[in-house]
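Enquirer: Please construct the entire structure, taking both the sequences and the accompanying hints into account.
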Amino acid sequence: MTPRSVVGVMPARLMDPTAAPDWRLVRLGRGIMETLIQQLINGLVIGSVYALIALGYTMVYGILGLINFAHGDVLMVGALVALQTMTFLMGMAPGMSPLVMLSIALLVAIVVCMLLGFTMERLAYRRLRNAPRLAPLITAIGVSFLLQTIAMIIWGRNYHTYPQLISTTPLQPIEGVFITPVQITIIFGSAALMIGLLLLVNRTKIGRAMRATAENHRVASLMGVDTNAVIAFTFVIGAGLAAVAGVMFASNYGIAHYGMGFMPGLKAFTAAVLGGIGNLGGAMLGGLVLGVVESFGAGYIENLTFGFLNSSYQDIFAFLILGLVLIFRPTGLLGERVSDRA
Amino acid sequence: MNELAAAVPWLGKRNPLAARWLIIILAITAPLVAWQFGKSWVRILDFALLYMLLAMGLNLVVGFAGLLDLGYIAFYAVGAYTFAFLASPHFDVHLPFWTILPLGAGFAAMAGIMLGFPVLRLRGDYLAIVTLGFGEIVRIFMLNLNYPVNITNGPQGINMIDPINLFGWDLSRNLQIGENFSINSLFLYYYFFLLAVAGSIVFVHRLQISRVGRAWAAMRDDELAAKAIGINTRNMKLLAFSLGATFGGLSGCLFGAFQGFVSPESFSLMESIAVLTMVVFGGMGNIAGALVGAFVLALLPEILRDVAVPLQQTLFGHVLLDPEVLRMLLLSLAMILMMLLRPAGLIPARARYSHDHHLSNKLKQEAAK
Amino acid sequence: MITLLEARNIGKRFGGLQALSDVSLTIRKGEVYGLIGPNGAGKTTFFNVLTGAYTPDGGEFVFNGSELPTGKPHKVVGRGIARTFQNIRLFRELTALENVMAGHHIRTKAGVWGVLTQNRFTREEERLTTERAYELLKYVGIERFAEVVSKNLSYGDQRRLEIARALATEPQLLALDEPAAGMNATETAQLKALIEQIRRDGITVMLIEHDVKLVMGLCDRVAVLDFGKKIAEDVPAVVQKNEAVIAAYLGGGKHAH
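Residue numbers (our numbering), protein chains in the order written: chain R, 1 to 342; chain V, 1 to 369; chain D, 1 to 257.
If you're looking for bench data, these hints aren't it; they were derived computationally from the structure.
The list that follows gives simulated cross-link-like pairs (lysine-lysine, DSSO-like), each with its CA atoms no further than 27 Å apart:
#  : chain 1 : residue 1 : chain 2 : residue 2
1  : V       : K13       : V       : K364
2  : D       : K192      : D       : K241
3  : D       : K109      : D       : K72
4  : D       : K229      : D       : K241
5  : D       : K213      : D       : K229
6  : D       : K241      : D       : K213
7  : D       : K151      : D       : K138
8  : V       : K369      : D       : K138
9  : D       : K75       : D       : K109
10 : D       : K29       : D       : K75
11 : V       : K364      : D       : K138
12 : D       : K72       : D       : K29
13 : D       : K138      : V       : K362
14 : V       : K362      : D       : K109
15 : D       : K213      : D       : K192
16 : D       : K151      : D       : K192
17 : V       : K13       : D       : K151
18 : V       : K362      : D       : K151
Expert: Structure below.
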């Protein structure tokens, strides 16, 4: 197999080079065990990003029963806004410490995405809450494409090199296994966020209101929960998580692009379904499982198909998993039923 | 046709017959008018007709049966690639047009059934995602199946596809009549496609006003109640799905032959969304809506291309929004705003699912008693 | 008396809730059979299991001497059982006439080929479907709204339309889920007359109803469910005096109207 180049010739929608940066390292003729561990690490890194995105899908679905198609594009906005901020800061204060710079960029991205999430809910989805079931779904698709178009207008069609403010020099914790500080940050950062979210939902008042609303809107509002506010809050939190995921995603691969949200969005949705949609723990588990499966799949597909398919096909794993889960276990690993209630 | 005639402003309600003739005359003379603006506009009209076919097929699935199919363009791709494989130097096979057409339609229908079988018992939104994934998988295969065996020729696509040949009449050649009069090939394609659209209108209309159309509408409005009156919803969904796919496959064949080359680029998700927008924009669940939506949204970007680019140049000195961006902007805004402000679409006709004359005959009998 | 439907030891469980346990009952041909009980007693669940919307965990239904398929609504309708819903479920975008025509689906045959070619068989079938649908609208008394989109009908007319649609499937057993819910006294009286007419026309009726007066006036026999169990089955006058029944209604804390 020839290593794929990261930027340039790759067609736009295939630009999710999950395995690409680490790929050449994997190929350096190492033992089976090292390769295996390496795949596992790569899978966990990308899986934790999927998990963060999946949380946004699953929270909104849990409360509104809506698949927010535009969620993946919020991630893209987050990544590009952070990029813009970093570029600005580099010009304004070249001496600033990279960590401070990254934190500011992240903060700006989170705020912008939260506003975006709020606006989407307010302008588009809220008005369609009682519309026929296809209407919100079609609107969400429209919003997704609108965001991409606007991003294309603002940031152009090019792939942007993403500044690596955290070192990407691989460490070698085990002989022959590589992990970069960025990847370590991603794993721990997303773990921290997920724990934070679980605490928020299970331990706080607003969390209780969220759970009540998810259970039953009418009853919750009768009990004095401002369900409109809760739904808006859910969108905002999901968008904030997506912003962080976007920065992580772009940092991991070193590039950003107006269409970058599509694939991870779709995969994160798969992760949410895999874990059991509407279920927070499920989204996390689904994200990690999907990341690992994909990483192993991409690594071994060539051997499995006797060279017929190569790692260009790695994107189909997510869809295959989605299809299989929906056919054989539509409730997901941990979750609720998804087929029509009688 | 009645719905379409009724949709004509002013005249439609007053004199449906006149409106009907107006549409027919407009349809026949449209390319002559377009020709005045340049050859490329006739070509654009040809593509608009292909979009109409696609929109009618998708309307069958989304509008009648209520199944949101976001991978619809994949069936178009199946048709186009079938044609490319069987009528081009790529494999050096050159089967006749009338042989490939049913094959393309058949493969697309099979793909529809294969996809539909496992996922149709799921809720609508899951269907949307799975079909979207299916569209992407088809595209990934088109892009990458040039290695190790070259099947699709990868991103370059397949070139030099045979043109449509109706029993020895090659539509890609200008038709020479006498010494100094000839009809451009683009016109020949236009009228051929127009016939295809007209035939499809008849077919889809017959389906709509029938036992099948009512079952679809019932299922769309309330699936549980549809089951409770004995409709086998799984079979009806599969039927809608495969018929819609058949439409996609047929239009794909026409597209491949007309354009002369196919490549994965033509079958991106954006195209699926574009066709969906046409259906939504015109009005889901009515034929006239799908047709008008397809026509308007196929033409508008081209008009914008001609108007907006020079306009921007004079205003700002350079092009801020290139035509492709304008098209995306137009489509996404059309989709959102339509859903929010006018969910029934541009032509909000209620589709009929029963024959008027049956009821009026019955009423006459009653009155006579 | 000929038995039309026999339910044998039907059980259905949702998670921790035993919605139906060991329910057995027999419905005779030509009678109006009432199914009553406090809220949450399992009446609608029984309907859902009978009509194939849910699959039972145990037990079986014998209809007209042979076992009913479970979990396949369209097959149950084909065998001759039709139902209405507690919260009206019409095809909202279709007219009243088209709703009833859709109800004929299972008794008609036209397929895609026939529809596309509009052959004589299909045209004839379509004509008959229209005429029979109109007759049924007349039967329930709303033929003047034949061309009205069903979502625009009044509440009472929607209830009637739902019954007409169910009748279009040509059932032997018509299962009505709270047909009088939300109706005023006049409408209820008209409904009672309609149900009696349906019975006279040879269709057996099974009825879930909260309106005690209606049940007592209409039903030949009544079964009472409480917490998923059948606690009584007899003619209305006897059931009314049954102590277990009285206890169930009072003890449940929720009265029937």
